[in-house]
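In this text, residue positions in the sequence shown follow the numbering used here: the first is 17, and each later residue adds one.
Keep in mind that a hint or two might mislead.
Taking lysine-lysine and the DSSO-like style, the derived pairs with C-alpha atoms no more than 27 Å apart in a straight line are [claimed, not checked]:
1. Lys37 - Lys224
2. Lys243 - Lys38
3. Lys60 - Lys38
4. Lys224 - Lys60
5. Lys38 - Lys77
6. Lys77 - Lys243
Since the hints were made in silico from the structure, they are not lab data.
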Amino acid sequence: MHLTNSAMVMDAMVQKHKPGKKVIVVIGAGSIGQAIARRVGAGKHTLLADLRQDNAEAAAKTLSEAGYEVSTAVVDVSSRTSLHSFIETATAIGPVTGLIHAAGVSPSQASPSTILKVDLYGTALVLEEFGNVIENGGSGVVIASQSGHRLPALAPEQDKALATTPTEELLSLYFLQPDEVKDSLHAYQLSKRGNSLRVMAEAVRWGKRGARINTISPGIIITPLAKDELTGPRGEGYRRMIESCPVGRAGTPDEVGTVGALLMGPDGTFITGSDFLIDGGVTASYWYGELAPAI
17 MHLTNSAMVM
27 DAMVQKHKPG
37 KKVIVVIGAG
47 SIGQAIARRV
57 GAGKHTLLAD
67 LRQDNAEAAA
77 KTLSEAGYEV
87 STAVVDVSSR
97 TSLHSFIETA
107 TAIGPVTGLI
117 HAAGVSPSQA
127 SPSTILKVDL
137 YGTALVLEEF
147 GNVIENGGSG
157 VVIASQSGHR
167 LPALAPEQDK
177 ALATTPTEEL
187 LSLYFLQPDE
197 VKDSLHAYQL
207 SKRGNSLRVM
217 AEAVRWGKRG
227 ARINTISPGI
237 IITPLAKDEL
247 TGPRGEGYRR
257 MIESCPVGRA
267 GTPDEVGTVG
277 ALLMGPDGTF
287 ITGSDFLIDG
297 GVTASYWYGE
307 LAPAI
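Given these sequences and hints, build the entire structure.
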């Protein structure tokens with residue numbers, strides 16, 4: 017992991033933080049992570065992390081110019097060593113009271129093995145490591161996907177395995193092997209189903225620290241990642257989802273940000289271990305409407 021050198025960070029981008037200030041960690045400095053951070057980061061220190069330093073710095077510039085106190089880091093969520101170093105950086109700034117995990121790769125961006133490593137294993141690793149340091153009264157959200165809701169029901173033992181298998185053994189599960197997961201979309205669906213199940217299990221452990229954790233499963237939200245999908249090999253299917261869903265449009269990062277703010281804020285203190293589907297009704301149409309697959 018590489019951290020931005022303080023000498024390289026312009027004063028206009030990052031305000032000097034006060035030691036011990038509450039920290040909101042954002043992993044994945046894209047549109048959705050920023051939208052949630054805007055709603056929960058005022059008066060706190062926001063630590064923006066991404067696999068690419070230029071992404072983190074661009075997001076930091078936007079937020080700092082809007083009055084937020086921000087610093088940046090580079091982290092690889094699929095590396096425990098990288099994540100450990102990142103957590104040390106976060107806790108050195110102050111107590112971590114919020115986690116927004118929005119990092120991941122889509123079916124058009126990566127192979128099945130990479131998707132499982134980043135989206136499934138990486139998320140489990142983030143939940144485990146931040147579950148060890150989250151402060152009493154803290155909260156977090158993980159960005160999953162509507163795709164997890166379109167995967168047919170798994171066997172109960174598979175659900176339990178995705179939720180509770182020790183992190184370092186997760187990718188060894190028999191139903192995640194290459195002969196079982198042969199395409200990127202299937203890997204993505206399994207990963208996102210796994211995210212919501214993992215969060216449900218982790219909510220029990222986080223609760224022992226007085227903290228909460230939930231997932232949000234967005235549908236098609238107009239972000240750079242979504243544009244990759246809309247122009248990729250599955251673009252026609254994505255456009256059909258938008259046109260045929262009950263609300264007849266794609267969503268915006270701010271709409272996801274509103275749900276994130278509820279889950280992380282004072283009005284959401286009775287909510288933990290839950291998954292919130294926000295997809296304009298695409299999943300409803302997939303199971304019961306015009307988007308239902310032919311049998």
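A quick look at each hint next to the structure:
no.: 1; hint: Lys37 - Lys224; result: 23 Å, holds
no.: 2; hint: Lys243 - Lys38; result: 34 Å, violated
no.: 3; hint: Lys60 - Lys38; result: 5 Å, holds
no.: 4; hint: Lys224 - Lys60; result: 24 Å, holds
no.: 5; hint: Lys38 - Lys77; result: 20 Å, holds
no.: 6; hint: Lys77 - Lys243; result: 23 Å, holds
When the structure is compared with the earlier hints, a violation turns up for hint 2 alone.
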